[in-house]
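K.L.:
Quick note on numbering: the sequence shown equals residues 1 to 145 in full-length UniProt numbering.
Bear in mind the hints are in silico, worked out from the structure with no lab data behind them. Please note: incorrect hints may appear among the correct ones.
Capping the alpha-carbon separation at 25 Å, the derived lysine-lysine pairs in BS3-like fashion look like this [stated by the list, open to error]: (1) K144 - K37; (2) K48 - K37; (3) K48 - K144; (4) K48 - K10; (5) K37 - K10.
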Amino acid sequence: MEYLYDTLEKNPDVEGIVGYSEGATMAASLILNEDRKAQETGRPRRIKCAIFFTGWPPLSPEQDVVLADESEYTLDIPTLHVVGADGVFGTDPYRYGALALFNICDPDTAPMFDTGRCHTIPRSGPVITELGNVIRDLIDRAYKT
(Lines of atoms letter the chains of each structure in order from A and count residues from 1; the text may use other names and numbers.)
(Lines give C-alpha, C1' and ligand atoms only; values in the text may rest on other atoms or scores of the structure.)
Protein backbone atom coordinates (compact mmCIF):
# COMPACT_ATOMS: atom_id res chain seq x y z
CA MET A 1 0.00 0.00 0.00
CA GLU A 2 2.87 2.36 0.77
CA TYR A 3 4.17 1.88 -2.78
CA LEU A 4 0.84 3.09 -4.13
CA TYR A 5 0.84 6.11 -1.82
CA ASP A 6 4.43 6.92 -2.80
CA THR A 7 3.46 6.71 -6.46
CA LEU A 8 0.54 9.09 -5.89
CA GLU A 9 2.82 11.54 -4.07
CA LYS A 10 5.32 11.51 -6.95
CA ASN A 11 2.57 11.93 -9.56
CA PRO A 12 0.19 14.66 -8.39
CA ASP A 13 -1.84 14.57 -11.62
CA VAL A 14 -2.98 10.96 -11.06
CA GLU A 15 -6.63 10.93 -9.98
CA GLY A 16 -7.76 7.50 -11.11
CA ILE A 17 -6.68 3.90 -10.76
CA VAL A 18 -6.92 0.72 -12.83
CA GLY A 19 -6.58 -2.77 -11.39
CA TYR A 20 -6.62 -6.21 -13.00
CA SER A 21 -7.40 -9.34 -10.97
CA GLU A 22 -5.47 -9.12 -7.68
CA GLY A 23 -4.45 -5.60 -8.72
CA ALA A 24 -8.13 -4.67 -8.51
CA THR A 25 -8.07 -5.81 -4.89
CA MET A 26 -5.14 -3.48 -4.25
CA ALA A 27 -6.85 -0.61 -6.07
CA ALA A 28 -10.09 -1.10 -4.14
CA SER A 29 -8.12 -1.40 -0.88
CA LEU A 30 -6.37 1.89 -1.67
CA ILE A 31 -9.74 3.59 -2.20
CA LEU A 32 -11.07 2.19 1.06
CA ASN A 33 -7.89 3.20 2.91
CA GLU A 34 -7.83 6.66 1.34
CA ASP A 35 -11.44 7.25 2.40
CA ARG A 36 -10.71 6.21 5.98
CA LYS A 37 -7.65 8.49 6.10
CA ALA A 38 -9.72 11.38 4.74
CA GLN A 39 -12.31 10.88 7.47
CA GLU A 40 -9.63 10.69 10.17
CA THR A 41 -7.36 13.52 9.01
CA GLY A 42 -9.45 15.64 6.64
CA ARG A 43 -6.89 15.09 3.88
CA PRO A 44 -8.63 15.24 0.47
CA ARG A 45 -8.93 12.01 -1.44
CA ARG A 46 -6.90 11.73 -4.63
CA ILE A 47 -8.63 8.88 -6.41
CA LYS A 48 -11.74 10.10 -8.22
CA CYS A 49 -12.58 6.98 -10.25
CA ALA A 50 -11.50 3.37 -10.75
CA ILE A 51 -11.59 0.66 -13.38
CA PHE A 52 -11.58 -2.92 -12.15
CA PHE A 53 -10.84 -5.73 -14.61
CA THR A 54 -12.24 -8.97 -13.16
CA GLY A 55 -11.19 -8.07 -9.65
CA TRP A 56 -11.75 -9.06 -6.07
CA PRO A 57 -13.10 -7.05 -3.12
CA PRO A 58 -10.77 -4.86 -1.07
CA LEU A 59 -9.00 -5.86 2.10
CA SER A 60 -9.55 -3.91 5.30
CA PRO A 61 -6.52 -2.73 7.32
CA GLU A 62 -7.01 -5.88 9.39
CA GLN A 63 -6.52 -7.88 6.13
CA ASP A 64 -10.13 -9.07 6.08
CA VAL A 65 -12.00 -9.22 2.78
CA VAL A 66 -14.68 -6.50 2.72
CA LEU A 67 -17.98 -8.01 1.57
CA ALA A 68 -21.29 -6.20 1.08
CA ASP A 69 -23.25 -8.51 3.36
CA GLU A 70 -20.70 -8.19 6.17
CA SER A 71 -19.78 -4.50 5.99
CA GLU A 72 -21.53 -1.15 5.76
CA TYR A 73 -18.70 0.26 3.68
CA THR A 74 -19.35 1.30 0.08
CA LEU A 75 -16.79 2.41 -2.48
CA ASP A 76 -18.46 5.72 -3.23
CA ILE A 77 -16.46 6.94 -6.22
CA PRO A 78 -17.47 6.16 -9.82
CA THR A 79 -16.19 2.73 -10.81
CA LEU A 80 -16.29 0.55 -13.91
CA HIS A 81 -16.34 -3.23 -13.59
CA VAL A 82 -14.99 -5.02 -16.65
CA VAL A 83 -15.79 -8.72 -16.55
CA GLY A 84 -15.79 -11.59 -18.99
CA ALA A 85 -18.56 -13.66 -17.50
CA ASP A 86 -19.10 -16.12 -20.32
CA GLY A 87 -17.53 -16.25 -23.72
CA VAL A 88 -15.59 -18.14 -26.31
CA PHE A 89 -13.12 -19.31 -23.63
CA GLY A 90 -15.80 -20.69 -21.31
CA THR A 91 -16.91 -19.30 -17.97
CA ASP A 92 -14.69 -16.93 -15.99
CA PRO A 93 -13.79 -18.67 -12.73
CA TYR A 94 -13.19 -15.25 -11.14
CA ARG A 95 -16.66 -13.86 -11.86
CA TYR A 96 -17.84 -14.37 -8.27
CA GLY A 97 -14.98 -12.26 -6.94
CA ALA A 98 -15.78 -9.58 -9.52
CA LEU A 99 -19.42 -9.60 -8.41
CA ALA A 100 -18.38 -9.33 -4.76
CA LEU A 101 -16.30 -6.25 -5.66
CA PHE A 102 -19.19 -4.80 -7.67
CA ASN A 103 -21.55 -5.32 -4.73
CA ILE A 104 -19.58 -3.04 -2.41
CA CYS A 105 -19.73 -0.19 -4.91
CA ASP A 106 -22.46 2.39 -5.34
CA PRO A 107 -24.81 0.76 -7.88
CA ASP A 108 -25.73 4.18 -9.31
CA THR A 109 -22.10 4.87 -10.31
CA ALA A 110 -20.79 1.36 -10.99
CA PRO A 111 -21.66 0.00 -14.42
CA MET A 112 -20.59 -3.49 -15.41
CA PHE A 113 -19.09 -4.13 -18.85
CA ASP A 114 -18.99 -7.74 -20.06
CA THR A 115 -16.30 -8.46 -22.65
CA GLY A 116 -17.41 -12.05 -23.18
CA ARG A 117 -13.73 -13.09 -22.97
CA CYS A 118 -13.38 -14.63 -19.49
CA HIS A 119 -10.39 -13.52 -17.37
CA THR A 120 -8.64 -11.49 -20.07
CA ILE A 121 -8.22 -7.84 -20.95
CA PRO A 122 -9.69 -7.04 -24.37
CA ARG A 123 -7.07 -6.11 -26.95
CA SER A 124 -8.84 -5.63 -30.26
CA GLY A 125 -12.08 -5.48 -32.15
CA PRO A 126 -15.35 -3.68 -31.49
CA VAL A 127 -15.16 -4.41 -27.77
CA ILE A 128 -12.24 -1.94 -27.48
CA THR A 129 -14.32 0.85 -29.02
CA GLU A 130 -17.23 0.06 -26.72
CA LEU A 131 -14.94 -0.14 -23.69
CA GLY A 132 -13.34 3.19 -24.63
CA ASN A 133 -16.77 4.82 -24.69
CA VAL A 134 -17.66 3.41 -21.27
CA ILE A 135 -14.32 4.60 -19.84
CA ARG A 136 -14.94 8.12 -21.18
CA ASP A 137 -18.36 8.06 -19.51
CA LEU A 138 -16.71 6.99 -16.24
CA ILE A 139 -14.28 9.90 -16.36
CA ASP A 140 -17.10 12.33 -17.15
CA ARG A 141 -19.06 11.05 -14.13
CA ALA A 142 -15.99 11.35 -11.89
CA TYR A 143 -15.66 15.04 -12.62
CA LYS A 144 -19.37 15.85 -12.38
CA THR A 145 -19.62 14.72 -8.75
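K.L.:
For each hint, tell me whether it holds in the structure or not.
P.N.:
Hints and how they fare:
| no. | hint | verdict |
| --- | --- | --- |
| 1 | K144 - K37 | 23 Å, holds |
| 2 | K48 - K37 | 15 Å, holds |
| 3 | K48 - K144 | 10 Å, holds |
| 4 | K48 - K10 | 17 Å, holds |
| 5 | K37 - K10 | 19 Å, holds |
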